[in-house]
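Visitor: Top line first, the protein sequences correspond to chains U and W. Here this note's numbering is used: the first residue of the first sequence is 9, the next is one more, and so on. Here this note's numbering is used: the first residue of the second sequence is 9, the next is one more, and so on.
Hints were generated in silico from the structure; no laboratory data involved. Don't take each hint at face value.
Identical copies carry no separate label here, and so any pair may be met within one copy or between two of them.
Dumping the calculated DSSO-like pairs for lysine-lysine here, alpha-carbon to alpha-carbon at most 27 Å [stated by the list, open to error]:
hint	residue 1	residue 2
1	Lys125	Lys28
2	Lys28	Lys142
3	Lys141	Lys29
4	Lys29	Lys125
5	Lys100	Lys28
6	Lys72	Lys125
7	Lys135	Lys125
8	Lys142	Lys67
9	Lys83	Lys29
10	Lys57	Lys104
11	Lys67	Lys83
12	Lys67	Lys135
13	Lys104	Lys59
14	Lys104	Lys129
Number of protein chains: 2
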Amino acid sequence: MVNQQFATAVHVLTALACNKKELMNSDSLATSVNTNPVVIRRLLSLLTKAKLVNTVRGKSGGVKLAKEASQINLKDIYLALSPTESIAPRDKTPHKECAVSCAMHSIMSTVAEGTQKATLKYLETQKLSDLSKKVSRANA
Amino acid sequence: MVNQQFATAVHVLTALACNKKELMNSDSLATSVNTNPVVIRRLLSLLTKAKLVNTVRGKSGGVKLAKEASQINLKDIYLALSPTESIAPRDKTPHKECAVSCAMHSIMSTVAEGTQKATLKYLETQKLSDLSKKVSRANA
């Protein structure tokens with residue numbers, strides 16, 4: 009499920025932000041997230057492509073943030089996963105003789121775009137560094 | 009899929025808005041939407057509960073909008089379907105010894121709430137009457 013993937017990605021990146029410069033491997037991240045390391049590795053591959061994490065290969069290798077946590081926001085993470093939107097036009101062929109049916113794809117595309125824009129605008133305000141501060145405060 | 013259901017609901021209600029006071033049955037709505045009448049009837053049941061449509065029973069029965077199209081917005085429709093959000097906290101048990109894991113559910117709940125608020129705020133600006141006007145313009 010996509011929503012789980014976004015939450016998992018935010019969790020992983022927050023863990024890396026809290027660990028500062030230290031490398032973490034997929035096993036320790038999987039323990040923190042309470043999931044399978046395979047899920048984490050698949051996710052790290054997407055986050056690497058989006059230039060949010062860097063991988064150091066080798067026995068004592070692992071991953072770390074590719075930039076400062078204050079330079080990463082939730083919009084970056086969301087876009088890295090290209091998730092299925094909860095609002096999208098239908099993918100069926102319109103009924104040619106129905107005016108509503110013919111206009112609907114364009115109308116719903118506009119609605120989907122507007123919704124995504126609103127979502128991304130909010131996510132952009134949420135910095136990864138704010139999330140890691142919340143973890144510190146919750147455990148103070 | 010939830011996104012299809014929202015798009016289908018918007019389609020159905022736009023069709024009813026375009027048909028003004030005339031009753032439409034699930035068969036004609038299904039033809040317009042290009043889906044099975046069963047899908048439409050299931051949807052109409054949710055839209056009836058949300059007081060967006062009224063059903064007239066009987067042989068020549070059907071459904072119509074329960075209020076003016078200008079009094080219905082896409083937020084009303086979205087809430088009527090209580091869809092799965094694309095951003096939500098993970099439902100797994102946190103790893104008790106991990107500070108990030110313990111704080112994550114609360115953090116992601118806040119993010120999910122913020123995202124939903126942004127989405128609903130946008131959907132509230134989109135009136136059903138605007139959508140039916142777009143249909144008329146597209147077919148003028």
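Visitor: Hints first: check each against the structure and report whether it holds.
Guide: Verification of the supplied hints:
With identical chains, the CA atoms of Lys125 and Lys28 are never at most 27 Å apart, being 31 Å at best within one copy and 32 Å at best between copies. Taking CA atoms no more than 27 Å apart as the test, Lys28 paired with Lys142 passes inside one copy only; the shortest distance there is 15 Å, against 52 Å between copies. In this assembly of identical chains, Lys141 and Lys29 lie within 27 Å of each other by CA distance solely inside one copy; the values are 16 Å within and 56 Å between copies. When the C-alpha separation of Lys29 and Lys125 is checked against a cutoff of 27 Å, the pair qualifies neither within a copy, at 33 Å, nor between copies, at 35 Å.
When the C-alpha separation of Lys100 and Lys28 is checked against a cutoff of 27 Å, the pair qualifies only between copies, where the shortest distance is 25 Å, while the shortest distance within a copy is 48 Å. For the homomeric pair Lys72 and Lys125, neither the shortest alpha-carbon distance inside one copy (29 Å) nor that between copies (32 Å) is at most 27 Å. For the identical chains of this complex, Lys135 and Lys125 are neighbours both inside a copy (17 Å) and across copies (18 Å), given an alpha-carbon limit of 27 Å. For a Cα distance limit of 27 Å, the shortest separation of Lys142 from Lys67 qualifies neither inside one copy, at 32 Å, nor across copies, at 60 Å.
When the C-alpha separation of Lys83 and Lys29 is checked against a cutoff of 27 Å, the pair qualifies only within one copy, where the shortest distance is 23 Å, while the shortest distance between copies is 44 Å. Taking the shortest Cα distances, Lys57 and Lys104 never come within 27 Å of each other, neither inside one copy (42 Å) nor across copies (31 Å). Proximity of Lys67 and Lys83 under a CA criterion of 27 Å is satisfied in neither setting, with 33 Å inside one chain copy and 52 Å between copies. Taking the shortest Cα distances, Lys67 and Lys135 never come within 27 Å of each other, neither inside one copy (32 Å) nor across copies (58 Å).
Taking the shortest Cα distances, Lys104 and Lys59 never come within 27 Å of each other, neither inside one copy (45 Å) nor across copies (30 Å). In this homomeric assembly, Lys104 and Lys129 never come within 27 Å of each other (Cα to Cα): the closest approach is 36 Å inside a single copy and 33 Å across copies.
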